[in-house]
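Line by line, the protein sequences give chains A and B.
Sequential numbering from 64 applies to the first sequence in our numbering.
Sequential numbering from 298 applies to the second sequence in our numbering.
Hints in this document: simulated from the structure, not taken from any laboratory.
One should not assume that every hint holds.
As the list claims (entries may be wrong) - Simulated restraints, written as ranges between beta carbons of each label pair:
#1 A/PHE258 - B/ALA643: 34 to 40 Å
#2 B/THR567 - A/GLY182: 19 to 25 Å
#3 A/ARG176 - B/LEU700: 52 to 58 Å
#4 A/LEU92 - B/MET574: 22 to 28 Å
#5 B/ILE815 - A/SER207: 28 to 34 Å
#6 B/THR480 - A/ILE206: 25 to 31 Å
#7 B/ILE676 - A/SER207: 54 to 60 Å
Virtual Cβ for every residue (Gly too), placed ideally from N, Cα, C.
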Amino acid sequence: MAQNIASHHEAEANDRVLFGFWIYLMTDLLMFAVLFATYAVLRDSTAGGPSDRELFRLPLAFTGTLLLLTSSFTCGIGMIAARQYKKFQTLLWFGITFLLGLAFLTLEVVEFRELIHEGHTWQSSAWLSSFFSLVGTHGLHIISGLLWMAVCMVFIVKRGLNSSMIRKLTLLSLFWHFLDIVWIFIFTIVYLMAFV
Amino acid sequence: MKEFLLGKLSLKALPHEWSTIGATMTFLVGALVLVLLITRLKRWKWLWNEWLTSVDPKKIGIMYFIVATFMLLRGGLDAVMIWLQQALSSGASNGYLSAAHFQQIFTAHGNIMVFFVAMGFMFGLINYVVPLQIGARDLASPFLNTLGFWLYVAGAIMINLFFVLGGEYAATGWLAVAPLSGTQFSPGVGVDYLIWSLQISGIGTTLGGINFVMTILKMRAPGMTLRKMPMFTWASLCSMVMVVTVFPILTVTLFLLFFDRYLGMHFFTTDLGGNAMMYTNLIWMWGHPEVYILMLPAFGIYSEVVSTFSGKRIASYTSQVLGMIGVSTLALLVWLHHFFTMGAGANVNAFFGIMTTVIAIPTAVLVFNWIATMYKGRIRFKTPMLWFLGFISVFSFGGLAGLLLAVPPANFQLHNSLFLVAHFHTMVIGGVLFGIFAGITYWFPKVTGFKLNERIGRYAFWGWIIGFCMAFIPLYVLGFMGATRRLDHYDSSTGWQPLFILALIGGIIISVAVVLQIIQIIASVIQKRQLADTTGDPWYGRTLEWATPSPPPFYNFATIPTVTARDAYWEIKRHGGLPKPKYEDIHMPKNTAYGIYVSAFAFLAGFAFVWHINWLAIVGIIGAIVCVIIRTFDEHVEYTITADEVEKIESKMRKKNLAADGQGEEMGLWDFVKIVITFIADIFRKKLWRRI
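For reference, chain A alone in the conformation it holds in the complex (with noise of 0.2 Å):
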């Protein structure tokens, strides 16, 4: 009995936790939406420089795209794992997880270097200070999201899944998807409407 309530008390208790993450998650889509209305605003506001037609790469986006695309299918499959209590797979597919994920955000490195190196930084021009800070703000979210995953896989290895761990992991796998939907927006927004 006394396990029953205990049991009852922690259900409700994850109930609400998912609740709130997922009220966290829509302020965080918001914060987006600013970065998002401000690129529209200022994608013209190019002081003169080349415009996104002639610095974007569209084959590294779409290479990008896909790792994280396959991360999120990933991700999933280890949501799966994990709720059947399989550790060594939940551990493989979060890994691999992790390491789409660090591909991406290494793509996203390179090209900003690129542009920096020709020149193009965010001091050049409104749209670039746009264009970096919402392209950077995703991979502040990507480099945050890793490091969470690490430090689950850390904890899953020394203290084993329970339903606690399982807690932490759907919220992650939550965070993982959306960031995967508001790249989907970026990559529309920001590089396929540069040719149009």
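Got chain A; can you put chain B on it based on the hints?
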């Protein structure tokens, strides 16, 4: 090397003006006295364990009150300085403040009053009252709550830090409008202090908002459906939903301004394609809903007060709830009325003008419901009710002024004039601040176990009403006469000076009223046995918070009550009172210091960004992240109190309540003066200071 270690910080940043030296000395002496007192009384451990690291929303609520009270006095001092300058500075006289100093004062006044006074008091009240009203024992996430509070404290310290280091605050107006707030026109650290103070406390507010939406939607007592929720809880829910909707906008906007200043970006600059009007749009998209975020909990307080002191349930519950939801929804669609003069075009202005006028409809629904609640009620004119009556007269008046401002052609005349200043002070003082006072007086016995002195409270109320009218009605007139806001000097031929002097006298009367409020609290503490609330229900309340003893035990309810109707406690009382309690094991969250640690690191990072100390910023950010990780992976955050222990605590509380008497005459002002004189005489006669 020095630049790497200290950034822009140097000896020149230390105080060297009368105002900064004075303020720094006050802080130092105050801190020293506090430290000595706590050490002397051996209270450090108690302070840390019982208060600072507490996750009990009631204790966090009280800590919010304490910080907000200090900030109210601090912001009030700014107000008096503004009044004095404007009364003096006419014609040949330039007053006692320089233009630059004056600009910093009104900027700080606005920031402090909105972010640290109004928000602080509202979060304090919501923390204390909402869990009790919905029959919950704690919040959905106790950790987020303590973190939010300590981020608020970090912001409050940051906004005062410029006295000690830097010596200048932003001179940009409370919203730091661009491009004035860019490095081109504001190269100093003032704007950076503004950015990081608001950023840190704003993130705390967002976390608090998420937490309360979770709590209100997920943790209500069994039987309390949404349509049975008390009005204050409804109002808080509306307000917190608005917080999570608009505070992210503030966070990003401040970040973009920071990017402009720190990384040399061009979002809002005058060159390379920057768009300053975008800043104005973004900041008001947050800024307008923000005033409703403050207003809505006040609406909730008034609803509770008017229904309790009229002895009736609130008139037309459904329309009252819809009114609040309507206000909070429409509030998101009116931001452009702050800058009709920007030149967005007639159609855009017309849309926002109409939306602004439409918002008067749900607001009027609320006002009429309050009046209808009083109709045929048995009204008791206790001080909370007086604050409500003061509010409803002042608020209607200010609201009509707002309708006038909502009309774009009229707005072109009144924009940036003192008419506007008078309007929003009527709303924020008459609406929000009176609501806070009503709420504090109403729930004071719940928090402390004794009521506030009514007689001195009435004097304070009349002082506020009279002082308020004298201070702000002249500003409406001055606005029509053409006086713009933020004037540090005006020509004597304008003939404005008598009106400014009248406003100053009003300000002095308000200050007297504030002193009376402080006396009211001290007098009540002296007489706390006579004013004791032995029943837990001193006003014949209607909602669940009055079902607990005053002050409530840390777990709020030994048995969670079951709710069957609106005005849950009123119904319980009608049907023979609370059932005999059946004690059960209670799970409560453990105290945690991680809220303090994370906020301290966030503060360090903010400070480092103000002074361009990159390594310290990295230390601050990494420190905060590590603390959050440690806290997240801590599995032992709860403990259990057994049913036996609960029973012991409950019976002990009952005995203590029987010991208090709750009878006797309240002291008046004259009695208070006599007590103070006797006290001082005692000190001299018995040489009491030797004992300390």
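Status of each hint after checking the structure:
1. A/PHE258 - B/ALA643: 34 to 40 Å: holds (37 Å)
2. B/THR567 - A/GLY182: 19 to 25 Å: holds (22 Å)
3. A/ARG176 - B/LEU700: 52 to 58 Å: Holds, at about 56 Å.
4. A/LEU92 - B/MET574: 22 to 28 Å: holds (25 Å)
5. B/ILE815 - A/SER207: 28 to 34 Å: Given range 28 to 34 Å: violated, Cβ gap about 46 Å.
6. B/THR480 - A/ILE206: 25 to 31 Å: holds (28 Å)
7. B/ILE676 - A/SER207: 54 to 60 Å: Since the Cβ atoms of B/ILE676 and A/SER207 sit about 56 Å apart, the hinted range of 54 to 60 Å holds.
In the structure shown, a violation is registered for the earlier hint numbered 5 alone.
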